[in-house]
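*Asks:* Let the sequences and hints guide you as you build the complete structure.
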Amino acid sequence: GTQLNVAAHGPLGFAALSAPTLGDAMDVMGDLATCRNTATTMSMRASETHYALLLADATGDEEFHNWLAEVVLKIVEILLATIIGHPVGKIVLVSFSLDAGERAQALRESFDGTVQFGCEETAIAVPLAWRQLPSPLYDESVYRANLIECREMIAAREQAESLVHDITNRLRNHFDAQCSPGAAPASPPTLEELAERLHMTPRTLIRRLKREDASYRELLETLRREYAERLLRDARLTAADVGQVLGYQEAANFGRAFRRWYGQSPAAWRRSG
Numbered sequence: 014g015t016q017l018n019v020a021a022h023g024p025l026g027f028a029a030l031s032a033p034t035l036g037d038a039m040d041v042m043g044d045l046a047t048c049r050n051t052a053t054t055m056s057m058r059a060s061e062t063h064y065a066l067l068l069a070d071a072t073g074d075e076e077f078h079n080w081l082a083e084v085v086l087k088i089v090e091i092l093l094a095t096i097i098g099h100p101v102g103k104i105v106l107v108s109f110s111l112d113a114g115e116r117a118q119a120l121r122e123s124f125d126g127t128v129q130f131g132c133e134e135t136a137i138a139v140p141l142a143w144r145q146l147p148s149p150l151y152d153e154s155v156y157r158a159n160l161i162e163c164r165e166m167i168a169a170r171e172q173a174e175s176l177v178h179d180i181t182n183r184l185r186n187h188f189d190a191q192c193s194p195g196a197a198p199a200s201p202p203t204l205e206e207l208a209e210r211l212h213m214t215p216r217t218l219i220r221r222l223k224r225e226d227a228s229y230r231e232l233l234e235t236l237r238r239e240y241a242e243r244l245l246r247d248a249r250l251t252a253a254d255v256g257q258v259l260g261y262q263e264a265a266n267f268g269r270a271f272r273r274w275y276g277q278s279p280a281a282w283r284r285s286g
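Position in the sequence shown counted from 1, then plus 13, gives you this note's numbering.
Honestly, I wouldn't trust all of these hints.
As the list claims (entries may be wrong) - Computed Cβ-Cβ distance ranges for the label pairs, DEER-style: (1) E209 / G114: 54 to 60 Å; (2) S175 / E205: 16 to 22 Å; (3) W274 / S56: 17 to 23 Å; (4) C132 / A199: 43 to 49 Å; (5) E75 / M213: 40 to 46 Å.
Note that these hints are calculated values from the structure, not bench results. All values reported here derive from a predicted model rather than from experimental measurement. All C-beta atoms, glycine included, are put in the ideal place defined by N, C-alpha and C.
*Replies:* Pasting the structure below:
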């Protein structure tokens, strides 16, 4: 029914529908689905041939997980079909860890992809080349705004549990804002600025992050690496553009940081990808 309508899932659905590419849409579901559902954990995995969204039970209730997995995988299949403009076809693999028994035929008929049972993992996988397919529904402003809203929903629930999660979301929101069209260049919030926003001293923030085996510098570096990879896949952006989004005042500084992370320049990394 309406729950199989991607847009019915609020900011999560709108972020997925407005994402730049099919792969980005899958990433939204894999990375941010907990703003709607905490009964499953989702993750992404790329192989030499496929890009897959994996589901794992977070409840301990196998029967409930199996039911929820059917719903989630169908929603994702509908999302994929919406982006490519037609049913996904048998080239898409829908895998269930359960042994469906008498329900096997009904499940096969409810999906357009190839349905498999008794698999090691519950997942939906598309050909790797589909990851770069541009979405006809792409809207940068809508995409970024809904990403931020999803993260704020997650942060509101988890803020009390993890300061690392809170700081990470604040930094993500900064980088997402920098990715928006017309954004004025701005450096990421400093440790001192974040401490002020959280109504604590920088020393307290350092100490609390250390309790979670983290530091501001490590969190910032991790996100810069993540966004560097994501943005360099966009052929419209130069390496200097990416460096500016990440808060590097000089392209040379971004180049040095990138070579430290990956052992090669941004241009060489792009060519190898």
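*Asks:* Work down the list of hints and note, for each, if the structure agrees.
*Replies:* We went through each hint and held it up to the structure:
Distance hint for E209 and G114: a CB-CB separation of about 59 Å, consistent with the stated range 54 to 60 Å. Distance hint for S175 and E205: a CB-CB separation of about 21 Å, consistent with the stated range 16 to 22 Å. The given range of 17 to 23 Å is respected by W274 and S56, whose C-beta atoms sit roughly 22 Å from each other. In this structure the supplied range 43 to 49 Å holds for C132 paired with A199, their Cβ-Cβ distance being about 46 Å.
Between E75 and M213, the C-beta spacing of about 43 Å keeps the proposed range 40 to 46 Å intact.
Figure legend: structure checked against the earlier numbered hints; every hint is met.
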